[in-house]
Each structure stands twice: as structure tokens, then as C-alpha cells.
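There are 2 protein chains.
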Amino acid sequence: FSDTFKILIATDIHLGYLEKDAIRGNDTFVTFDEIMKQAVQNEVDFVLLGGDLFHDNKPSRKTMHCCMEVMRKYCMGDRPIVFEILSDQAVNFSHSKFPWVNYLDSNLNISIPVFSVHGNHDDPTGADGLCAIDLLSCAGLINHFGRSRSVEKLEISPVLLKKGNTRIALYGIGSIPDERLYRMFINNQVTMLRPREDEDGWFNLFVIHQNRSKHGATNYIPEQFLDDFLDLVVWGHEHECKIAPVRNEQQLFYVTQPGSSVITSLSPGEAVKKHIGLLRVKGKKMNLQKIPLQTVRQFFIQDVTLSEHPDLFSPEQPNVMLKVMAFCQEKVEEMLEEAERQRLGNSLTPEKPLIRLRVDYSGGFEAFNTMRFSQKFVDQVANPKEILHFIRHREAKDNIKAILSRPTSEVLQLRVEDLVKEYFQKAEKNVQLSLLTEQGMGKAVQEFVDKEEKDAIEELIKYQLEKTQRFLRERRVEATEEKIDEEVKGRAFKEDLVRNLN
Amino acid sequence: FSDTFKILIATDIHLGYLEKDAIRGNDTFVTFDEIMKQAVQNEVDFVLLGGDLFHDNKPSRKTMHCCMEVMRKYCMGDRPIVFEILSDQAVNFSHSKFPWVNYLDSNLNISIPVFSVHGNHDDPTGADGLCAIDLLSCAGLINHFGRSRSVEKLEISPVLLKKGNTRIALYGIGSIPDERLYRMFINNQVTMLRPREDEDGWFNLFVIHQNRSKHGATNYIPEQFLDDFLDLVVWGHEHECKIAPVRNEQQLFYVTQPGSSVITSLSPGEAVKKHIGLLRVKGKKMNLQKIPLQTVRQFFIQDVTLSEHPDLFSPEQPNVMLKVMAFCQEKVEEMLEEAERQRLGNSLTPEKPLIRLRVDYSGGFEAFNTMRFSQKFVDQVANPKEILHFIRHREAKDNIKAILSRPTSEVLQLRVEDLVKEYFQKAEKNVQLSLLTEQGMGKAVQEFVDKEEKDAIEELIKYQLEKTQRFLRERRVEATEEKIDEEVKGRAFKEDLVRNLN
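As given, the protein sequences belong to chains A and B, one line each in that order. Just so we're aligned, residue 1 is where the first sequence starts under our numbering, counting upward by one. Just so we're aligned, residue 1 is where the second sequence starts under our numbering, counting upward by one.
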């Protein structure tokens, strides 16, 4: 057999995103089909996914059905699999009811194993700690790795793979709230175990699904946190395609950020052409070939600043609004023409592109009602109601840019957390509530809203209560009510402090 | 090979029923495990399920995971399957993305194929017409048959099975609202296709999931509706175990009603000992062996009428309530003792039984608060809060009996339909609403409530609108508003009339 591993790399497929949308409803399913078809056509050894295979924590029946259909269609068959697993599978897949890699199950005829960590969209929730990927894993269609039982400490046992003379140590961390993982790294609670034999003979591949770009002091994972023995980091979660490996000159590893295979926000990052990667690994050498995705809906975004066109219109003119409208229409039509040109000869690309025109109307201009404007493009654009976006100031624009470049769930989370923060500030003196930290409460409310996890808040309260009781027992606090109050107050504020400092 | 088919028969497993209950939460999973284990131990050729494998139309992730785990554990393996399929599988399983029986899929190593129709709890819903069983089918774990595309007409192509010299024609009808199926039978719209060759050489096995006992004139399926060429009917939906085949003397077929494997209502029917069946078929001969289920929670129910014990208490006595309470307590304790006796030596039976005491307190007695009473049994009974049930009259008791003997979803449906009926009676003159029939609206509301089918009402309205438009087009009604109103009114009322007459 050859010594070269061929691995298809993709991430953030977000199956089920906008599934009810009449135009875009099937986009994620079509592109997932394309990705898995590429895996077959390129005869890869396995597929490696970086999380957020599903958009919703509890995917709809249709989404789950589509996903299983595609996987059964492309991942099963008689093509032999020629790499071995050298690590203890019961450790690698300890959370699974079938704790071994699917292609070694004699009841399943797997031709392409898929390995995946979970993302923040499809992470484990609820008392049973299951996630959507676990259903696929139970059905024998995926190998879910990179999952930890502890929330305070990570000890990552790599999946050890061998093909000919090439050996890969595959590490993964499924999505964890950024602050928590940040703190674990800071406190030296993240350990990546190394193979005992010939430690330096392995190609060390690591999959992570976290913020890569800095959102607040501790709300991302700096690359320098990662172990420098790594060779390649596959970074999920970030939607912009930056798949060409970039060398980190301090750590001396490479980072590839494949980006999402579907556009989930109308921000510049998502307008970058989408790719998946064909990674070849031979010994310690690697090569990553970019494969452009054909079925992804086109997305064009353009910014205009009205005050920069004094030759065309000024706020004092009569009929200025009509002129601005015509100007915007022209810009949109230009983008539509460009979209059509690029689509020529590619029958797989959906007909209607996504179009966004961001209009800075500061300097005395007025925004106009976009209803009639939308009507003009209803047959040509996939997002007619959201084409125009008015912003007033350069400053505002930059803010929006920053927010829009984040995945949408985080924008929501921000808001929920803000609400909770505000609430806690007002309720500061309430001792009962100080048992719950802001962050925990924010997360519980988020899960309650996002994931229809009806028990999230109750579970949080139970957890915090038990933790506090344990804490008090350990300190042997005499159980007078006053003393408990004191301890609790001191502790909760201290925790807040620690969090805010990190 | 032998000529004898061995088939495990079970129905109404209701996976996920009360899954959040601290005591009873795992009952359905444990019993499903027992059932599938029996299939393995008895080396059956296949398992035949009569619907309602799932309790909720959209089972929780945990329920789906447990189900797949059990099926993968027991239904996959190297034991060879020695019967053939003679029918066109693309017809039998035409709704599936993988339209063939799972054990003939070369990528799946199936040792025990499971065949199932869907029940009223796990029937297809939504625009994509998928049901929970279809997820299992897509994963290759079940063979979902007996599904029709039309709602006005049924043409049932049997799955034709052959083992040695024995041939079985397996017919099925997944759950359909009783009234609708009743009307289809009345209108001769139900056709059971026969094999062309040697028509009389087949054992004709039919699975149905409908009301068997009469609830209203058209709200059940009379046995005489069924074709008399059938040999055995497996009747799902009814929860009382009447598994011993009963001969229908008019039709000359047998009916077996396996009953549910979990107690979902505290009614006398559910207190009958639960069984599954081991059906042997050789040529045209059959034998059905009852297998008692060991893991089913015990259920004892008893009726007492206070006025029948004048020696013990009378309404005028002081402290009569304490005496009645003591009397009830004694009865419950008797049942608990009996439960323990019967449980002796059976380690698989859950420790805490279900207990119900129905107390007829007519004749001047007063009901008492059951809170304190419940407290006494909180450690011994699985349903401490529901032990006592006070009823006032014999008549009332009989009514309740009638209602309780129905599956719970129907009790709810009754109420919802009543509400809708009332609403329509009040809104009779509203022409817009008369487009929607009561029944359709009732069903849509029901789905909205029951199945979280957010689009149910919208879809109904769309469907009815299109139907009405087609109807008007066919009649070539000139499209003046008045005329449409007239036609619509006439038609809607006529439909109601037809429905009420059937």
C-alpha cells in the first residue's frame, strides 16, 4: 500500500440552515452531497470534519434524514480501507455505545470513515449528554472524537492512524465555551498525550472548533496556546475560507481554516470563495490541495458611501431619494451581472445569488423604504428582502462589520448575556441569585432559547447548588444561615472577579 | 432449510413514554431491549411490529439513540437469514431512499430484519412526509412497509416471503384516521393485491394499527371489512393484551391483538399481563406461542364502592373519612402485597408497581385530599400521586371506563375536535372558514399541539384552497366573488353532510 494518507477536510456544513426557506432551503444538503461525492471521487482514506455538521442542536427530522441518506450513500461500499488504528479505540470513543471506529465493525461495510468533533451548534446537551452527531455515531455512520467528560480539565488521547510507513496522531477538541477553554489553557489543564513509541515519528494533526479571531480578552483561543509539537491545525468555527495553510512562526505549525460550506451571514468573510481541502500526508510531509465547491450559492457584497459621490447627488437636491435609489439599483445590477458571468458554464451553482449592498448614508441623506426596491429583484436574488443595509457612520459600519463577521449564534449569545449581566447587576444584593454566576445563567438561558432544552435552567441550578454545598462542606462552614450567606457572597464575587480578569 | 417461519410479534412499544419520569423513565427502553433479546434467543426469522414503536411523533434524541442502540445491538450480526423476498421491493418500500429490505443490502450485516408499519403516534407528518421510523429505515435498521401515498385509495402490495416451501404474503396498513379508513372501506377503495402465481398457496398475514373496539359509528374498523382470504390479522393500537388468536367465524381468519408492552393508562385493559408472540408458520398452518414480558412494571387496579360496606362505615358517622382512608389504605396494601408475591423470583420486574384504587363514593360520602395518602406510598408505588381515583356514580364510572380504555391521544383528540366543532358551529356563517372542514381543522390543530408541526395549519389551508380551486375550475365556475361564495358554501356543507352520514 501507499504511504500517503489522503484526507478530505471540511467544516461548518451547517446542515438544515434555513431549511424552511423556499429558495435556499436545500442549499446545505446539496453542498453536503457535493462534499461527500468529492470524498468518493478523490478516493480519500477518510473525511475529517471540524464541527457544526448540523446548524441546529436538535436538527429537524428532515435534516437528520438527509444527512443519513448522504452518508449511507457515499460512505458505505466495498472499497477497502487500508489504514490501521493503533490507539485504544475504547479510549478514543469512550462516550460511544459502540466504542470503536465504524469501519472496523464487522456488521458495517464502510468505504469512507468520517471523523468529526462537534461544534458549538451541535454540541452535547441535556442530562444524557448526547448531541446530534451521536445519533450518526450510534447508526455507525460517523466517528465522533475529541469529546471530554470533564469540564475543568482536558486530557486528549489521539487517535493513532497508520498507513504504510506514515503515522498520524489525530487530536481533537469538540467545541467548548471559549472562556472556559481559555481558562483551562491558562491553568495548564489541557494535556495532549503523545504516543509512547517514536514520539517524533508522527504527523500530529489537531482539530479545534473555537473562535480564532479575538472577540474580547478571553473569548478566543490564541494559537500560541497550542502545543508546538503539532504539525497541522484544522481550525473550524470561523466561516471565512482561509484554507491555504499558514505557518505560525512562533509555534512552527501550520493552520488551515477551511471555512463554512454555506453562507450563514451576509458579511464580507462569507463572500470569500468556499473550498474544501484534500490533505495528503506522507511521513512528516504534507500537501493541501484546495477544492472549490461548485454548489455553494454565490454571494456578492459591496459598500457604497453616498457622500463620496457629490457629482451624482447631494442631500439638498429635489428627488435625491430617487437618484440614490437608481444608484443602488445600478450597483445591485452590476453585482447580478458579475454573478451571472461567473456562473456561466457551471451548472451546479444555484441560479439566484445572495446580494448585499451596504449603503453609508451619513452626511444628511435619508434611508428609503426597501420594500419596493426588493420587489425589483425578487426573481433574481436569493435574499430580496435583505439586499440593502443602511448604515449611518463610518464608526457604526466598523462596529457592524465586527459583529457581522461573527457566526449569528454568537450575536444572539451576546445579547442574552448582556441581558443577564444587566439583570445580575440590578440583583447584586440578592444572595440567592449570587449562587448562579452570570456566565452559567447566560448559558442556561441560551440553551433554553436555542436548543429547546427545557431542563437547562433547572440543571444549572442543581449543579451550582451541589457545587456550592460541596465547597461549603470542604471549608467545614458551620451551617448557620448567616455564615452561608457570607461565604456564598464572597465566593460568587470572587469568581466573577477571576473571570473578568482573565 | 426448514419450512417453518419463526416470527416475533410485538406492538405499541411506545419508546420514550414518560421518559422524564424519575421512576418509570427507562421502562420502555428496558422492555424494548427484552423484546429484541427474545428475538435473538428464539432465533426468529424476523420481527414484526404493529406500529407505535415511538410514543412521540418527534422522539427525543435520547429515545432515538436508545432505540438505535438496541436495534444495532440485536439486529446486526453474522447469523444467516434464510428466507427470500419474492415481491418487488421497490414497490414494497417505494417511499424509502433505500427501497429494498435491509438484510439484502450488501453494506449491512443484518441478522434479524425488523418489519414495521407506523402507528398513530409515529405517523408521517409535515411537508416531507417523514416519520420517526423513516430515520431508522434510512439508517438501515428497520423495514417500514404498509405506507400509502394516496389519502383516498389504498392498493396494498404484499411483501412476499419464502422459506423452504412456506410462502407468506405480508400485508400492512400504517395508521390512518379511523373515519377516513372506514370511509375508504365503505367506498371500496381498499384493495389487497394477491400474488399472481398459486394464489391459494400463501399464508396471508396482515398488520393493522386502528381502533378495533367501537368508538362511535365510524371511528373503528370492523373485522368484517377485511378480506376473507386473510389467515391472520395482527392488530396493533389496542393496548390490552389479547394475543391468543381468536377466530372470526364470518371471515374465517384469526385475529391476534398483542397489546402494548408498556402501561400508558391506568385502565383495566392495561392490567392484563403483557405478552409478545412467537408465531410459527408452516405452509398454511400456524401456531402462536405467548411469551410473557418480564420487565414490564406490574399494575394492579381495583374498584371499591363505599356504599357496599355499611358494616364498615356510613356517611353519617363521625370520623367516617378516617375510616374510609384506612379502608383504602388496606386495599392498596393488599395490592402491594400481591405485587410483591408475584414479583418474587423475578429479578427483571421493576420494584415499584403501578397501583390504582377506584373509589365510588356515591351515597353521601366525601372524597378526601389524596396528598397525605400518597405520601404513605411514595417509596413503594411507581405512581404515588395517582393511586386513588374518586368517582361518584356507577354511570360516571362506566363513562370513565370507556374513555380510559382508549389510548390517551384520542382522549385529547376528542377534546380538540369538540372545541373545533363548537367553534365551527358558532362561525357557521363565515364563508372564509367554511373552506376548512371541521375534521381537517381538528386534525391540523391536533398536529400543531401534539407533534409540534408548526406548519400543519398552514399546510391544511393551502391544501383545502387548492382543492377548492380545482373543484371550481372543474365546474368552470365563472370567477365572480358571489358565485364562488355560493359554490363554496354549498360544497362545504355537503361534505359535512357526507361525513356525518357515514
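Hints may contain errors.
What follows is a list of derived Cβ distance ranges for each label pair [what the hints assert, rightly or not]: (1) A:A90 - B:P292: 31 to 39 Å; (2) A:N248 - B:D88: 54 to 62 Å; (3) A:N26 - B:Q375: 54 to 62 Å; (4) A:R149 - B:E308: 56 to 64 Å; (5) A:R149 - B:Q302: 44 to 52 Å; (6) A:R149 - B:D88: 27 to 35 Å; (7) B:P80 - A:N26: 38 to 46 Å; (8) B:L104 - A:G129: 32 to 40 Å; (9) B:P80 - A:A90: 53 to 61 Å; (10) A:F225 - B:P292: 53 to 61 Å; (11) A:Q329 - B:R183: 30 to 38 Å; (12) A:G216 - B:Q375: 47 to 55 Å; (13) B:V82 - A:F225: 42 to 50 Å.
Because the hints were derived from the structure by calculation, they are not lab data. Glycine is no exception: its CB is placed at the ideal position from the N, C-alpha and C atoms.
Hint check results:
With their beta carbons about 37 Å apart, A90 (chain A) and P292 (chain B) fall inside the hinted range of 31 to 39 Å. A hinted range of 54 to 62 Å holds for the C-beta pair N248 (chain A) and D88 (chain B), which are about 60 Å apart. A hinted range of 54 to 62 Å holds for the C-beta pair N26 (chain A) and Q375 (chain B), which are about 56 Å apart. In this structure the supplied range 56 to 64 Å holds for R149 (chain A) paired with E308 (chain B), their Cβ-Cβ distance being about 60 Å.
Take R149 (chain A) and Q302 (chain B): their Cβ atoms lie about 47 Å apart, and the range 44 to 52 Å holds. At roughly 49 Å, the beta-carbon separation of R149 (chain A) and D88 (chain B) lies outside the given 27 to 35 Å, and the hint is violated. About 41 Å separates the C-beta atoms of P80 (chain B) and N26 (chain A), a value consistent with the hinted range of 38 to 46 Å. The given range of 32 to 40 Å is respected by L104 (chain B) and G129 (chain A), whose C-beta atoms sit roughly 36 Å from each other.
Separated by about 29 Å at the C-beta atoms, P80 (chain B) and A90 (chain A) break the suggested range of 53 to 61 Å. Judged by the Cβ atoms, the range 53 to 61 Å given for F225 (chain A) and P292 (chain B) holds: they are separated by roughly 60 Å. Separation of Q329 (chain A) from R183 (chain B) is about 56 Å and departs from the stated range, judged on CB atoms against 30 to 38 Å. The hinted range of 47 to 55 Å is satisfied by G216 (chain A) and Q375 (chain B), whose Cβ atoms lie roughly 52 Å apart.
Taking the beta carbon of each, V82 (chain B) and F225 (chain A) are about 59 Å apart, not inside 42 to 50 Å as hinted.
Hint violations for this structure: numbers 6, 9, 11, 13, all remaining hints satisfied.
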